[in-house]
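Order-wise, the sequence lines are chains S and V.
Residue 317 in our numbering is what sits at position 317 of the first sequence, and the numbering runs on without skipping anything.
One rule links them: number in our numbering = place in the second sequence (from 1) + 1000.
Treat the hints loosely; a few may be bogus.
Only pairs whose alpha carbons sit at most 27 Å apart, straight line, appear in this in silico BS3-like list of lysine-lysine [unchecked claim]: (1) K688(S) - K502(S); (2) K1005(V) - K677(S); (3) K1081(V) - K98(S); (4) K391(S) - K367(S); (5) K1116(V) - K677(S); (6) K677(S) - K1150(V).
These are computed hints drawn from the structure, not numbers from a lab.
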Amino acid sequence: MSVINTQISRRQFVVATASAAGGLAISVALGDMADAATIRPQTFGPDTVPNEINAFLAIEPDGSILIRSPHNEMGQGAITALPMIVAEELECDWSKVKVEYASPTRNLRENNVYGDMVTAGSRGVRMSWQMLLQAGASARERLILAAAQKWNVAASDCVAANSKVTHKATGRSLDYAALANDAAKIKLDKEPAIRTPDKFKLIGKSVARLDTPHKINGAAKFAIDTRIPGMVYAAISACPVPGGKLKSVDDAPIKGRRGVERIVKLDDAVAVIADRYWRAKEALALLEPVWDTGEAGKTDSAQFAKMYRDSLDGPLVNAKSDGNVDDVFAKTVAAGGKIVESLYEAPHAAHAQMEPLNCTARFDGDKLEIWVGTQSPMNALRSAAATSGLKPENITINNCFLGGGFGRRGNNDEMRQAIRVAKEVGKPVKLLWTREEDMMHDRFRPQAAVKLKTALGADGLPVAFDARIAVGSIHRSSGNPAAASSEVEPQAVEGIANTNYKIPNMRVGCVLKNTHMPVGFWRSVGSSQNAFFMESYVDELAQAAGQDPYKFRRTLLAHRPDFLGVLDKIAEKGDWGKPLPKGHGRGIAVHECYGSIIGQVSEVSVNGKGEVRVHRIVAAVDCGHVVNPSIVEAQIQSGVIYGLSAALYGDLTIKNGVIQENNFDQYEMVRLADAPKIEVYLALSGGKKWGGIGEPGTAATAPSLANAVFAATGTRVRNMPLKNAKLAGAA
Amino acid sequence: MIAIKVNGTEHRLDIEPETPLLWVIRDELGLTGTKFGCGIAQCGACTVHVDGEATRSCGIVVGDVAGKTITTIEGLSAESKHPVQQAWLAEDVPQCGYCQSGQIMAAVAFLKEHPKPTDADIDANLTNICRCGTYVRIRSAIHRAAALMKI
Ligand code: FES
Ligand code: FES
């Protein structure tokens, strides 16, 4: 039972055995990792190659093994963890593995052989593990059969290990490379069963990330690094009020400027084309486009906050209705019992991924080639076809390393612009958003307000719970036609309607309201605000009941041993209940999302000026099974920091319809000085659970922090960010 | 013509002197390891060394570095052997990686001033943003690099 060991040398394999009993045992170093698996600085390659065993795998004559990853790399470790799953069953030499992204065009051609290829919703391992184990197992069985046929022996007398098939009786062996061609022709009568977790050898080890060697010397190729012959640059400005249109723009101010070729007008944006990005950007700043912003141009955030609060009075649509909530409230009031009612709010949040959105597009006759970093390559392909008028099979999406995604890179807004501009210009175009453009034209986390009301029984436990939620609809905003007419969407109510707390009478109502601000999927999505609401509020209930917040949660979750495992782990490791200096406080939160349970204990201090300092965050996660413990640790740390920036500083205000905080000088980020110590523990329940890991860390951070602030100051914070809260200094 | 020396190579560039160094490095010289994150000297993704000093290249114009010696991430070491790079590798620091060229260049310059840094030194002096939140590992890697450099 130990915190995940991060001291990984590339020459050593830290063997971490995940056990269902909880925690992580680190055992000894093993083997030589000098030749670890590799990926090239460029993530994509030809969509088919000779020597393929199946769409996921090719075994080359030199013994190297190409594994294609159906999900992309945006920091979350997919291109290391997913190939590990294939290699687990393949019984191959990990040092010979080379990884590339799977091709969306091929996926289209071959009937979604790689699945949906969406990298979002913490779904890499969660959704693909069976498919990847199967791909590896299937290839291994065919390699064994190929060897058995060659030797004229029974397949059952042969074993595969370390990229070789060996005939047990005679000790003869053949390298995979010598068998690959025959294996490729073999059709299996039935797919082999995939192995059970107790047999895993590679899965569960902290294998070094494949992309690190290219990310310490500038070699890794992001979309922004694309350079192709004849390329020009586009700087673009869309109407500052999202949804507004371009009325007119005069290019006179930039005529004759060095390197500037022309402007391109889109219906909602203007772009300047130049031979260098800087020249394009400088020229763009000289233009004075006239926009039609309509009514949206008169709006501000205070008005939207009021709109969401007012919407809570209804009408609402029930997302859940169990038991008889109104009766129990009436009886509780009549009996003089306790009712706890609170209003919580959350502002928009921006993704602010480190690499601003950009895309390079090149037309060549009836063909189109795209360089982009997308979380949704299949949508990109379909959308590129619709935008260009070309057939999808004539379009190549070269997906690069993503400089952060967090949900922003699923809509491909920048790609559609690049296609339109390149088409008009008739040359390959690299189109790049400034940070200001990126922040003003984000698809933000929706703004929200909720009212939570609970009746407590004589024992202090909740007997009836009523939640009213007003929030922006992501489906409507992103034009998802199937879901746009729905009055409740899962992300609006997640973490509240499906709460695991045992409450006999429950009603959760929802009203979806959109403004002109585009909203989208922001790391942990609905859980990012709903976990803040719910877990802060559960603390209020514990307080009203006069109970310890950790024990109160334990009582309400007694039916869920997996939750208890996480709670007990963070309480133990986070020193719950131990004395603290004056002005310090600890807060706890636990939340389930993306198939995983995350728990956190935060420790903060608040000084006399009301300034919050976060000292330590102890997290435990139950994601069922772990492919790579080091990556899980990194993802939880990452999620915590992401949640922390939003909880401490993340304020977006709208004035005249325009986002005001449009760069890092105004939209503050946690930096080293504010980054607490973060400890990550596993509390695995195993079984059928294969949970996601990219997002849960974000969800539990704001509430554990707000609860710690309450413990330190007695002030309950019911809106983010904390920097706006009036906190009494340390008592 | 503006003369600059980047990673040991002299360049004579016919370019507007007010061009930020960042865009000269990326678009003129094609050295794309140095990244654009904010353009206002806030994030540090564009950090390079100018005469050995960590400098946010988006915030300095090429006219002001004429005749100076510039090192980018590509020029830090042959084969990624600088102790800071080795420490980054050993700790598996990068996630998306986009900020990491800047983090490494900032750390290299920092370690020259603070060969035996405490966490407090690190926190007070390194202000680059990592949106992926690799800070815990950055701290460990800096301590590891400091130890490697002593050997
Ligand atoms: S791009 Fe230079 S500091 Fe951000
Ligand atoms: S590793 Fe992604 S921003 Fe730092």
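Original post:
Holds or violated: are the alpha carbons of K688(S) and K502(S) at most 27 Å from each other?
Top reply: holds, 23 Å
Original post:
Given the hinted pair K677(S) and K1150(V), is their alpha-carbon gap at most 27 Å?
Top reply: holds, 26 Å
Original post:
CA of K1005(V) to CA of K677(S), is that 27 Å or under?
Top reply: violated, 40 Å
**OP:** Compare the distance between the alpha carbons of K1116(V) and K677(S) with 27 Å, and conclude whether the hinted pair is satisfied.
**Re:** holds, 20 Å
Original post:
Holds or violated: are the alpha carbons of K391(S) and K367(S) at most 27 Å from each other?
Top reply: This hinted pair holds, its Cα atoms lying about 8 Å apart.
Original post:
Do the alpha carbons of K1081(V) and K98(S) lie within 27 Å of each other, as the hint requires?
Top reply: Holds: K1081(V) and K98(S) sit about 23 Å apart, inside 27 Å.
In this structure, only the earlier hint numbered 2 is contradicted, and the remaining ones agree with it.
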